[in-house]
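A.B. asks: These are the residues of each chain, in order.
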Amino acid sequence: MNSNHDTNKQASNLRIRKSSRVALVITSVLFIERIIMTVARVIYTLLQPQVSDLASGGSILDFLQNRPISLIRNIIVPGLLGVASLLPLILLFKQVSRDGIPFTAKNRKLLLFSAIMEGLLAIFPVISTHTYNTFHGNFDLNSLFSFVVGGNGMNPFHTGACILLLFLAALLHYGMILQQESDETL
Amino acid sequence: MQQETITKPAAIRSLRIWSIIVCCFYGLSTLHSLNYTFSWFSSLDLLQPEHEPISSLGYVTIISTITYGLTAIPMFLLALLFLQLARNGQPFRQINVKRVRILAVIFFAVAVIPSLGFALYMLIAGDEPLIILVYGIGCIDTTQIVKGLLMLFIAQILHYGTMLQLESDETL
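The listed protein sequences derive, respectively, from chains A and B.
Using the working numbering, the first residue of the first sequence is number 1, and each one after it goes up by one.
Using the working numbering, the first residue of the second sequence is number 187, and each one after it goes up by one.
Isolated chain A (complex conformation) (with noise of 0.2 Å):
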């Protein structure tokens, strides 16, 4: 009995393993498509005004002296956010797919991590909206307040993103202590 409860949790161990490489690759190939595209937006943005700013005498230098803070809120700061979050689960799939053991509690601090990331890549667009409106004297209370209540302008992906991997650092961390047991009882 007991050994036939051991080649299942092998055979299970080795399955693991397996989707995790293949999540492995999924995660990495989203990884570089957002470096990708967060470079690509940001030399767009740079070159797109270069354009008319040459034809009304100016350079990329008026544009970066006037505009660096818009550069910074809408495609870098997202970018690297978005590229922090996925680097934890690069690294986790890697780990699990080398030992096919999930309940680890490295593995839960990763997922905390790109839990966090996720949740800032929620929140950071209406955040970095009204602090950029408060500091130019256009600050809206009633759209703070329908974020603050509401959470009016949260993008719903990164929400749901947040709040599964939350849900999964808790399991894993049940999880660990059933490995634990587990361990211990060998």
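What the hints contain is simulated information worked out from the structure, not anything from laboratory work.
Glycine is no exception: its CB is placed at the ideal position from the N, C-alpha and C atoms.
A few of these clues could be false.
Pairs of lysine to any residue, SDA-like flavour, derived with a Cα cap of 20 Å [stated by the list, open to error]: (1) B:K284 - A:L14; (2) A:K106 - B:K194; (3) B:K194 - B:C210.
Coverage of chain B stretches by chain A, computed from C-beta distances (three or more under 8 Å per stretch; other residues unrestricted) [claimed, not checked]: (4) 284-293; (5) 331-337.
Fit chain B to the given chain A structure using the hints.
C.D. replies: Same frame as chain A, now just chain B:
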């Protein structure tokens, strides 16, 4: 051992709390998907006899709306799954593994069904097979496929956890 008896219920409690939150999120997402689909259909004046034939662009819009409506199904099932988890606080059960696998299949179906519909429409319209193939593959929703693969991965983890849970129950 004393520490463990404190930690395990705490972990289950945390799991149940997160299950409630995820359940609420997916419940709201289901309502949002249904609301979007129904509001679109009510605005579409299809029932009037004098309406013009649906254009290619109109068909694409219908397909995207159906996709949106179809995503309500796995969302609703996920909400039910998490509601069940919030109730009993036992994630590592064989029934949950099966449910998550079924969800993965539904996600794959949601990704492919609109594409098949679009290909069928083009076939009836008499388009070239190569164009049908290219547009049909282009209409496959890759996000849903990634979600399906994620579900399969979670199912594997749950399956492994089920074995650990069995060991733990037998030890006690």
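A.B. asks: Hint numbers the structure violates, sorted upward?
C.D. replies: 3 and 4
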